[in-house]
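Asks: Just so you know, the sequences run in chain order G and U. If you use UniProt numbering, the first sequence corresponds to residues 1 to 296, in order. If you use UniProt numbering, the second sequence corresponds to residues 1 to 215, in order.
Hint data in this document are derived by calculation from the structure and do not stem from the laboratory. Given the structure is predicted, the values throughout are model-derived calculations rather than measurements. Wrong hints could be hidden among the right ones.
[What the hints assert, rightly or not] Below are the SDA-like pairs computed for lysine to any residue, each with C-alpha atoms no more than 25 Å apart in a straight line:
#1 Lys178(G) with Pro17(U)
#2 Lys294(G) with Lys144(G)
#3 Lys124(G) with Arg196(U)
#4 Lys124(G) with Gly189(U)
#5 Lys178(G) with Glu65(U)
#6 Lys144(G) with Arg196(U)
#7 Lys294(G) with Gly189(U)
#8 Lys144(G) with Pro278(G)
#9 Lys95(G) with Ile6(G)
#10 Lys178(G) with Lys95(G)
#11 Lys95(G) with Gln44(G)
#12 Lys124(G) with Thr174(U)
[Unchecked claim] Which chain G residues face chain U? A few, computed with CB under 10 Å, are given here:
#13 Leu7
#14 Gly10
#15 Gly232
#16 Ile233
#17 Pro254
#18 Gly257
#19 Gly258
#20 Tyr259
#21 His291
[Said to hold, decoys possible] Covered by chain G, according to a simulated footprint, are these stretches of chain U (three or more residues, beta-carbon under 8 Å):
#22 17-23
#23 105-116
#24 133-145
#25 198-205
We put the CB at the ideal spot given by N, CA and C, even for glycine.
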Amino acid sequence: MSHIEILRTGVLTTCQDAGRPGWGHLAVPPSGAADRPSWRLANQLAGNPTGACALETTLNGCTVRAHRDVTVVVGGAPCAVTVDGRPESWGQPVKLQAGSVLDAGPAEVGVRSYLAFSGGLHPKSSLGSHSTCLLSGLGPAPLKDGDTIPLGPAPAHPPLPTQWPAPWAGIGDEFVMKLHLGPRLEWFRPEAVAELTRGVWTVSEHSNRIGLRLEGPALARTDASLELPSEGIAAGALQVPPNGQPILFGADHPTTGGYPVIGVVGPEAQAAAAQARPGSRIRFVPIPMPHWSKRA
Amino acid sequence: MSTPPAAHRLRPLPAGPRGILIDCGTTAAARACYRSLQSRRMSGLLEASDLVPGATTVLVDGVDEPELLAAELPGWPLADEPDTAGEAVEIPVCYDGPDLEAVAALWGVRPDDVADIHSGIEYEAAFCGFSPGFAYLEGLPERYRVPRRDSPRTRVPAGSLGIAGPYTGVYPRTSPGGWQLIATMTNPGRLWNEHREPAALLVPGTRVRFAAVRV
Numbered sequence: 001m002s003h004i005e006i007l008r009t010g011v012l013t014t015c016q017d018a019g020r021p022g023w024g025h026l027a028v029p030p031s032g033a034a035d036r037p038s039w040r041l042a043n044q045l046a047g048n049p050t051g052a053c054a055l056e057t058t059l060n061g062c063t064v065r066a067h068r069d070v071t072v073v074v075g076g077a078p079c080a081v082t083v084d085g086r087p088e089s090w091g092q093p094v095k096l097q098a099g100s101v102l103d104a105g106p107a108e109v110g111v112r113s114y115l116a117f118s119g120g121l122h123p124k125s126s127l128g129s130h131s132t133c134l135l136s137g138l139g140p141a142p143l144k145d146g147d148t149i150p151l152g153p154a155p156a157h158p159p160l161p162t163q164w165p166a167p168w169a170g171i172g173d174e175f176v177m178k179l180h181l182g183p184r185l186e187w188f189r190p191e192a193v194a195e196l197t198r199g200v201w202t203v204s205e206h207s208n209r210i211g212l213r214l215e216g217p218a219l220a221r222t223d224a225s226l227e228l229p230s231e232g233i234a235a236g237a238l239q240v241p242p243n244g245q246p247i248l249f250g251a252d253h254p255t256t257g258g259y260p261v262i263g264v265v266g267p268e269a270q271a272a273a274a275q276a277r278p279g280s281r282i283r284f285v286p287i288p289m290p291h292w293s294k295r296a
Numbered sequence: 001m002s003t004p005p006a007a008h009r010l011r012p013l014p015a016g017p018r019g020i021l022i023d024c025g026t027t028a029a030a031r032a033c034y035r036s037l038q039s040r041r042m043s044g045l046l047e048a049s050d051l052v053p054g055a056t057t058v059l060v061d062g063v064d065e066p067e068l069l070a071a072e073l074p075g076w077p078l079a080d081e082p083d084t085a086g087e088a089v090e091i092p093v094c095y096d097g098p099d100l101e102a103v104a105a106l107w108g109v110r111p112d113d114v115a116d117i118h119s120g121i122e123y124e125a126a127f128c129g130f131s132p133g134f135a136y137l138e139g140l141p142e143r144y145r146v147p148r149r150d151s152p153r154t155r156v157p158a159g160s161l162g163i164a165g166p167y168t169g170v171y172p173r174t175s176p177g178g179w180q181l182i183a184t185m186t187n188p189g190r191l192w193n194e195h196r197e198p199a200a201l202l203v204p205g206t207r208v209r210f211a212a213v214r215v
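Throw the hints in and build the complete structure from the sequences for me.
Replies: Structural data, given as structure tokens:
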């Protein structure tokens, strides 16, 4: 059989590809790999075409058995890799024989490791994507021990040679993110921007693919009793609920919301946020609103 | 028929390096703006990964040069006619919700009258949100607006029809929810079907009528 078998899912292991962008108007979150660059590079090293579906682990890795010969790359959050108990390379193509067992250990830093298999994974798809969405329930359910996932045919491109110097991003426990102010900056007191410039937030343990809950200085609104009619939420939005403690939205974010968004982080910061562990610290560098927003 | 929204009321707000939130001021203007953006995207004049209508806004996300779109917006003529093409979708419901009596009391009518009043109105899907298949349906006159429940239910069964503020909505799958439940859709599976195009029965702009059935 042409599949892999999940022996240990760890905290949470899901199938992720490029997600399902373009369906926001139907309340479908974008989903897809949370740390996009790591997922992309793992696939590239495994010889897969852009967009192939891989496993995304959370904090303590996972264990899989291959039911055919397959090349696998473990990337993203660095971790110990073993095959049938023997140490193997992290971040490099590893050949698995049919029947052998690969273990990706706990993340040494960061949160999410990616396991890209040559040929890609082919679990249930919905709206053109194999990605699990924690918010909407679309796509395959989060994996359980004993699940099997079909493998696609081996790719036309061979995996890159081992020891290729892959440009894996460094992951730390201190993050500095550019925050593009807006769209609802005017809902906040001027002190809120000063707070954004000098404040430090800690990632709460109640964080997941939907968003990072941040604990730190409260971002005060001008009038907390005003209600914002529901509006679309951009990727990377920093939303501020009434208690002033912001939520940095992730891949499975809701498509609309009724709390003001004070700023939005770009794709690089979204990828970094996907590797921010509970307890790690985030600072923001606010980028002023562009001139065109002031003309209106 | 409402007056056409004035184009100058479209206010572009930055939503990250690749996004614009267009504040349209009113629901009618947001609807017209969304239709205009859709047709521009279909004809290749606009490249964006997502167009997400809200109550009075449209989010345009995944735009390469948001400043160019922002510069164009104030001059846009908006479609001044509501899009009434096509038949209204009819949804059979049984007016048997657990909050029926509470809503009747708020409306000052008998519980039996709620069905007649609610099913006598034509609604329009203003925007989607909350869960795939869920649409915020507008049409309830001001005097029939009710608040959300003081404490949300932890489990609202799929197919429950709720009202809150200006909106009516039908829960496509079992989930927590705070709206006042007055009816039940007999076949909630119609709301979301991934094998249909589009997957959602109620896409923004869809007109909707509820037909009262007795079980």
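Asks: Lys124(G) and Arg196(U): Cα distance at most 25 Å?
Replies: holds (16 Å)
Asks: Is the straight-line distance between the alpha-carbon of Lys144(G) and that of Pro278(G) 25 Å or less?
Replies: Distance of about 24 Å is within 25 Å: holds.
Asks: May I ask you to test the interface hint for Gly257(G) with respect to chain U, counting a Cβ-Cβ separation under 10 Å as satisfied?
Replies: holds (8 Å)
Asks: Does His291(G) hold up as a contact with chain U if the rule is Cβ-Cβ below 10 Å?
Replies: holds (8 Å)
Asks: Was the hint right that Gly10(G) lines chain U, CB cutoff 10 Å?
Replies: This interface hint is violated because 27 Å lies over the 10 Å limit.
Asks: Would you say the segment 105-116 of chain U counts as covered by chain G, given the rule of at least 3 residues with C-beta under 8 Å?
Replies: violated (count 0)
Asks: Would the stated hint for Tyr259(G) survive a check requiring a Cβ distance to chain U of less than 10 Å?
Replies: Violated - the Cβ of Tyr259(G) stays beyond 10 Å from chain U, reaching only about 13 Å at its closest.
Asks: Under the criterion of a CB-CB separation shorter than 10 Å, is Leu7(G) in contact with chain U as hinted?
Replies: violated (30 Å)
Asks: With 10 Å as the cut and Cβ atoms as the points, is Ile233(G) at the interface with chain U?
Replies: Where the cut-off is 10 Å and the nearest Cβ of chain U is about 7 Å from Ile233(G), the hint holds.
Asks: Can Gly232(G) be said to touch chain U, with a Cβ gap under 10 Å?
Replies: Constraint on Gly232(G) satisfied, holds at 3 Å.
Asks: For a C-alpha distance cap of 25 Å, please report whether Lys178(G) and Pro17(U) respect it.
Replies: holds (10 Å)
Asks: Has the given pair, Lys124(G) with Thr174(U), been kept, meaning a C-alpha gap of at most 25 Å?
Replies: holds (22 Å)
Against the hints set out earlier in the document, violations occur for numbers 2, 6, 7, 10, 13, 14, 20 and 23.
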